[in-house]
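Could you put together the complete structure from these sequences and hints?
From first to last, the protein sequence lines are chains B and P.
For the first sequence, the residue numbers in our numbering are -10 to 311.
For the second sequence, the residue numbers in our numbering are -10 to 311.
Keep in mind that the hints are not guaranteed to be accurate.
Unchecked claim - Derived pair list, reagent style DSSO-like, types lysine-lysine, alpha-carbon separation capped at 30 Å:
{"no.": "1", "chain 1": "P", "residue 1": "Lys44", "chain 2": "B", "residue 2": "Lys283"}
{"no.": "2", "chain 1": "P", "residue 1": "Lys285", "chain 2": "B", "residue 2": "Lys285"}
{"no.": "3", "chain 1": "P", "residue 1": "Lys285", "chain 2": "B", "residue 2": "Lys44"}
{"no.": "4", "chain 1": "P", "residue 1": "Lys283", "chain 2": "B", "residue 2": "Lys283"}
{"no.": "5", "chain 1": "P", "residue 1": "Lys44", "chain 2": "P", "residue 2": "Lys285"}
{"no.": "6", "chain 1": "B", "residue 1": "Lys44", "chain 2": "B", "residue 2": "Lys285"}
{"no.": "7", "chain 1": "B", "residue 1": "Lys285", "chain 2": "P", "residue 2": "Lys44"}
{"no.": "8", "chain 1": "P", "residue 1": "Lys283", "chain 2": "B", "residue 2": "Lys44"}
{"no.": "9", "chain 1": "P", "residue 1": "Lys283", "chain 2": "P", "residue 2": "Lys44"}
{"no.": "10", "chain 1": "B", "residue 1": "Lys285", "chain 2": "P", "residue 2": "Lys283"}
{"no.": "11", "chain 1": "B", "residue 1": "Lys283", "chain 2": "B", "residue 2": "Lys44"}
{"no.": "12", "chain 1": "P", "residue 1": "Lys285", "chain 2": "B", "residue 2": "Lys283"}
Worth flagging that the hints you see were computed from the coordinates, not collected in a lab.
There are 2 protein chains.
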Amino acid sequence: MAVYTEVSDEELRVFVAGYGIGEVLSFKGIAEGVENSNYFLATEAGTFILTLYEKRVSEGDLPFFLGLMAHLSARGVACPLPVRDRAGRELGRLAGRPAALITFLDGLAVRRPSAGHCRAVGGVLARLHQAASDFPLTRPNALSLPGWAPLLAAAGPGADQVAPGLGERCRVELATLARDWPSDLPAGVIHADLFTDNVFFIGPALSGVIDFYFACNDFFAYDLAICLNAWCFEHDGSFNVTKGRAMIAGYEAERALAPQEIEALPILARGAALRFLLTRLVDWLNVPPGALVKPKDPLEYDRKLGFHRRVASAADYGWEPR
Amino acid sequence: MAVYTEVSDEELRVFVAGYGIGEVLSFKGIAEGVENSNYFLATEAGTFILTLYEKRVSEGDLPFFLGLMAHLSARGVACPLPVRDRAGRELGRLAGRPAALITFLDGLAVRRPSAGHCRAVGGVLARLHQAASDFPLTRPNALSLPGWAPLLAAAGPGADQVAPGLGERCRVELATLARDWPSDLPAGVIHADLFTDNVFFIGPALSGVIDFYFACNDFFAYDLAICLNAWCFEHDGSFNVTKGRAMIAGYEAERALAPQEIEALPILARGAALRFLLTRLVDWLNVPPGALVKPKDPLEYDRKLGFHRRVASAADYGWEPR
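What follows is the structure, given as structure tokens:
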């Protein structure tokens, strides 16, 4: 939960006057979003989210993120649409921060997704991959294989304080991934953070996807591997192959996986698990005093990694020949 | 900013189904409110605030607070209206907490109120006092004179760590107030916490009053004294008599102050300042580790108290014979 930057009513009025959206009717800080400050904004023209980008988001990346949302939205992928100001700009400045106004997306995040939710997520992920195929900007994935060793180094001996042997497990895993990581798979723009928080549903129907602030260029199947990690494990740590099957089938209904993607799925799932293990570990070890955000448990991904190590093939995730 | 209790989408659906307000369209934690967890809720029937009452609010007081809002709303004082569930109850239970659904009130809190805002606040305060005159429930003010000595005792030697001599200043002030506090002024239900956060405006027009969780029975003029403290000092600590004059005139346009209320205004203003000084001091000295809320500066009210000590009469607050 987070509002890191306070916005006065006077600053807000000046900012909103730069858009053709009428007078402000309501403005409330939202207790979600780890990286940025988010506000609910209602005006005479409708409801919006106002985001102030905090230090962890690089300002140079914002045209990529905002442009991607506009691109996807124009191609029918339901996601927030950046609103242009009177001068045609998607990116503004407010309270000393880069700021953007985006349309409000109805829907609710699910905490315990069903197989139906997983199928819908697989489908929207594939549509996102396809809709972004002609997006002109690129952004390298700073949190792919080359980024993991520095994260492990940053955790240092702290890893073993979180769980005995965790540092060594990560080092061994990293060596395996460095050896076996694929180098040539279908790639393009991926969401890279499509957790349950970031997909909204109204009743059983998927209403949209939010939070594109980790989007980047990488393997499509790696994005699917992230989603298998995020959606298809039960809260007791077990992998639910019914949900995995639904998610992969939902994906393949929109975009068929190539044979080499299917073959690579287990190693990609291991990489995805290690990626979230490591970023969570570093966050866990660096909670600032007075932090507004409770860090997420890195060991959840240590346990998922244990599952992936025992996987023989994509069939163990529910993949089936079509 | 605060969401102390998390609500899952499943719990929410069950709860909302108990009201005749259609399906949930959106649900977001709001980063405001120190005492309770507040959520923005949109359904097919409209927009609402869902409040979960946390430990600092006594469950036995909730019928008073919710009943008061319904009473005031019915008499034209713009404030949130508790929504009754299908069984006619204003108070429900969600995620292990007492919970209420109230209508969403448009408007924006002002950070730097103008004299016009102060006049409007004076007016709504008087209308609130009058509209509540036939409200059948009562709630003693736990934070009036008899409650202040225990607060000072709770702060203990910590007071002098916040500012040298603060403990002694409070003791002397408390003795003066115990001697001079009025015992017989017009009284009834007061808001008791009508700070700038709790009054909304759309453009220059007051759109409503929120947060009745300190409302209680006490002197009407004490409520006005709280507002003079909260609204009529500049950020540099100086009292703005133009704003005071506007607020008192706004109040008296709706309800004339009796001579003994006018005479008591300076001592009531001192009491109000000490009350917020002491509760802020105790909060300041007891910030729990990992607190989500930044405590408010008690010394702001130490400085205001210094002003009130030099006041000769209500005229110094801007009161004028009518």
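**Prompt:** For this structure, which hints from the list above don't hold up?
**Reply:** Nothing - there is no hint that the structure violates, so all of them hold.
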